[in-house]
Amino acid sequence: MKYWEVTNSDVKNKIRFKRWHRGKRRQVAMLAQKRRTHKSLNSNFIKVLAPSRIDLYKLKSQGHFLGFIDDIHNKAHIAYCNSKPLNLCFRNTIFVSAAAALVLLARIELLRKKYPKLKMLCSYPPKHKPAARNQRSPKTNTVDAVFNRIGLYEAMGLETRHLREDHSVKCWNVLRGTEVRSLEAGNLFKEVGGQLNISLNRLFRPLIEAMSNAVEHAYPHTPEKNWWVFTSVLPGSSNLTVLLFDAGVGIPATLEITQPPTIINKIKNLFSLELSSDSAYIKAALEVRRTRTQLGYRGKGGDDLKSIISNTPNSSLLVLSNTGRYAYNQPLSRPSNASYETLTELPRSIKGTMIEWTVPIETQKNEAA
Amino acid sequence: MKQLKVIEFSEFPGPRYIHLGDSSGEQFREKYLLPKIKEHGVIQVDLDGAFGYGSSFLEEAFGGLLRAGVEPEIARGIAQNLKSDDDPSLKIEVTGYIEDAINENSNEQ
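Protein sequences appear in the order of chains A and B.
The first sequence begins at 1 in the working numbering and counts up by one.
The second sequence begins at 370 in the working numbering and counts up by one.
It is possible that part of the hints are untrue.
Stated by the list, open to error - Each computed SDA-like pair below joins lysine to any residue, with the alpha-carbon atoms no more than 20 Å apart:
(1) B:LYS460 <-> B:ILE443
(2) B:LYS374 <-> A:LEU183
(3) A:LYS47 <-> A:GLY23
(4) A:LYS127 <-> A:SER97
(5) A:LYS113 <-> A:TYR219
(6) A:LYS58 <-> A:ILE94
(7) A:LYS60 <-> A:ASN239
(8) A:LYS266 <-> B:LYS407
(9) A:LYS190 <-> B:GLU377
(10) B:LYS460 <-> B:GLU408
(11) B:LYS374 <-> B:LYS407
(12) B:LYS460 <-> A:LYS127
(13) A:LYS190 <-> B:ASP391
(14) A:LYS190 <-> B:SER379
(15) A:LYS351 <-> A:SER97
(16) B:LYS400 <-> A:GLU287
(17) A:LYS190 <-> B:ASP455
(18) B:LYS452 <-> A:GLY63
(19) A:LYS351 <-> A:GLY63
(20) A:LYS268 <-> A:SER238
(21) B:LYS460 <-> A:GLY194
(22) A:LYS351 <-> A:GLY67
(23) A:LYS119 <-> A:MET156
(24) B:LYS460 <-> A:SER97
(25) A:LYS351 <-> A:GLU256
(26) B:LYS460 <-> A:GLY67
(27) A:LYS190 <-> B:GLU473
(28) A:LYS190 <-> B:LYS452
(29) A:LYS60 <-> A:LEU346
(30) A:LYS190 <-> B:ILE443
(31) A:LYS190 <-> B:ILE376
(32) A:LYS190 <-> B:PHE378
(33) A:LYS266 <-> A:SER277
(34) B:LYS400 <-> B:PHE378
(35) A:LYS190 <-> B:ASP417
(36) B:LYS371 <-> B:ILE443
(37) A:LYS266 <-> B:ASP469
(38) B:LYS452 <-> A:ARG202
(39) B:LYS452 <-> B:ASP391
(40) B:LYS374 <-> A:ASN201
Source of the hints: derived by calculation from the structure; they are not laboratory data.
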């Protein structure tokens, strides 16, 4: 054979070998997956492994966390049908953020209502060294403390753990209900305000409006209208975060039911908005009040959600509904500057609506003084 | 002029309708505001002292007066005599709801 014929057949053989090897690797992976499923069905419990970051803020983490939530639902059903406990494994989890913690807590509580006889187990989060320059800093378990504080273990049917009080989670508070509970919300704000030495009156209006929307519109087909409220201050942070979550049908499913076509069309024209994504629906819902002022008495709540942010420098509003994500930020300098609005889509649906207000604590102190 | 303090009804005014939760605008209007108006006509409503007000509460309590059959002049009188030293913008807001409700009523007629 000539040199080029030998070289050409070498290359062809290499290509053939690579293809065969790729196919073999795929086969092995599929077999391994089958064995894992078979093993989990044969084991004493059904396991769901939590991601290392339980987070809804960063793009990378959103998909992993929402996939984890879907996994919990699917495997809960399998566990229930096979009369096996469901083990939530947090052994790799070293970070949890407020929004994701709230969604996780809500989903677990709803799961317990749906499958009251389902037993849940837990592999607790590990202690880990914080990402600090000082390697002598002790290991912490903030994730464990947060879960314990917000009642996640209790929601799973486990005993509340007697952990040493972690100062970083003292300001995490939870409220839940199925109707608008203005008295409890007001008392919660008074308590948190007392801890932080600030007044939270201006957050009361948007919270009550959001709670009313959740109870009135989010659950058109179910009698129980569940919502959850969080307040949190992260250690070293100068911001207070207040969140409300409902596991309802989402803003995209209700906007065209609650508002007449005249309003929807007016919003589309005023803001050059095509209602082709969930985030566009969120923006439309928040603009109803401005649009509706001359057309009737309903729909005042949307502007309420944004009003505190518009008037508070360095604050923000985040609304997640199904796959929609709407962020509204008020820059630090000069509140009269244009605020920044971003509309994006989540990789998966959160199957509900989450509203989060973040306000700087110092500003609230100055206003209260 | 007779005075009605909202804080005597609730420190934490709630949602729009009674079926949504406690301390609603509908409850305030039906149980407190309308009886006082029927007895005394134009009264002074004092909004001070409450922790805060949702827009739905205010609209249902005051805009709802027109839907409940109160005369526009009386509703306007209540708006003019509203007391809200803690948050003066509430007076403007309530006046807006009452005017909107008057316009809606006259459009229907």
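Taking the hints in turn, this is what the structure says about them:
1. B:LYS460 <-> B:ILE443: Holds, because 16 Å separates the two Cα atoms, which is no more than 20 Å.
2. B:LYS374 <-> A:LEU183: holds (17 Å)
3. A:LYS47 <-> A:GLY23: Answer violated: A:LYS47 to A:GLY23 is near 29 Å, above 20 Å.
4. A:LYS127 <-> A:SER97: With Cα atoms ~17 Å apart, A:LYS127 and A:SER97 stay inside 20 Å; holds.
5. A:LYS113 <-> A:TYR219: Within the cut-off at roughly 16 Å; holds.
6. A:LYS58 <-> A:ILE94: Status holds; Cα separation ~15 Å.
7. A:LYS60 <-> A:ASN239: violated (24 Å)
8. A:LYS266 <-> B:LYS407: Outside the cut-off at roughly 40 Å; violated.
9. A:LYS190 <-> B:GLU377: holds (19 Å)
10. B:LYS460 <-> B:GLU408: Status violated; Cα separation ~23 Å.
11. B:LYS374 <-> B:LYS407: Satisfied, since the Cα-Cα distance of roughly 17 Å is no more than 20 Å.
12. B:LYS460 <-> A:LYS127: Distance of about 54 Å is beyond 20 Å: violated.
13. A:LYS190 <-> B:ASP391: holds (18 Å)
14. A:LYS190 <-> B:SER379: holds (15 Å)
15. A:LYS351 <-> A:SER97: At roughly 18 Å apart (the allowed maximum being 20 Å), A:SER97 and A:LYS351 satisfy the hint.
16. B:LYS400 <-> A:GLU287: At roughly 33 Å apart (the allowed maximum being 20 Å), A:GLU287 and B:LYS400 break the hint.
17. A:LYS190 <-> B:ASP455: holds (17 Å)
18. B:LYS452 <-> A:GLY63: Not OK: B:LYS452 and A:GLY63 at ~51 Å, beyond 20 Å, violated.
19. A:LYS351 <-> A:GLY63: Measuring from Cα to Cα gives roughly 14 Å; hence the hint holds.
20. A:LYS268 <-> A:SER238: violated (37 Å)
21. B:LYS460 <-> A:GLY194: violated (29 Å)
22. A:LYS351 <-> A:GLY67: Satisfied, since the Cα-Cα distance of roughly 12 Å is no more than 20 Å.
23. A:LYS119 <-> A:MET156: holds (8 Å)
24. B:LYS460 <-> A:SER97: violated (40 Å)
25. A:LYS351 <-> A:GLU256: Since the Cα atoms of A:LYS351 and A:GLU256 sit roughly 18 Å apart, the hinted pair holds (cutoff 20 Å).
26. B:LYS460 <-> A:GLY67: Roughly 48 Å separates the two Cα atoms, so the pair is violated.
27. A:LYS190 <-> B:GLU473: Violated, because 38 Å separates the two Cα atoms, which is more than 20 Å.
28. A:LYS190 <-> B:LYS452: Violated, at roughly 24 Å.
29. A:LYS60 <-> A:LEU346: Distance ~10 Å between A:LYS60 and A:LEU346 Cα, so the pair holds.
30. A:LYS190 <-> B:ILE443: violated (36 Å)
31. A:LYS190 <-> B:ILE376: Holds - the C-alpha atoms of B:ILE376 and A:LYS190 are around 16 Å apart, at most 20 Å.
32. A:LYS190 <-> B:PHE378: Roughly 19 Å separates the two Cα atoms, so the pair holds.
33. A:LYS266 <-> A:SER277: With Cα atoms ~18 Å apart, A:LYS266 and A:SER277 stay inside 20 Å; holds.
34. B:LYS400 <-> B:PHE378: Judged against 20 Å, a Cα distance of about 9 Å means the pair holds.
35. A:LYS190 <-> B:ASP417: holds (17 Å)
36. B:LYS371 <-> B:ILE443: Measuring from Cα to Cα gives roughly 13 Å; hence the hint holds.
37. A:LYS266 <-> B:ASP469: This hinted pair holds, its Cα atoms lying about 19 Å apart.
38. B:LYS452 <-> A:ARG202: Given that 20 Å is the threshold and the Cα spacing comes to 19 Å, the pair holds.
39. B:LYS452 <-> B:ASP391: Violated. B:LYS452 to B:ASP391 sits at ~24 Å, over the 20 Å cutoff.
40. B:LYS374 <-> A:ASN201: Holds - the C-alpha atoms of A:ASN201 and B:LYS374 are around 18 Å apart, at most 20 Å.
When the structure is compared with the earlier hints, violations turn up for hints 3, 7, 8, 10, 12, 16, 18, 20, 21, 24, 26, 27, 28, 30, 39 and for no others.
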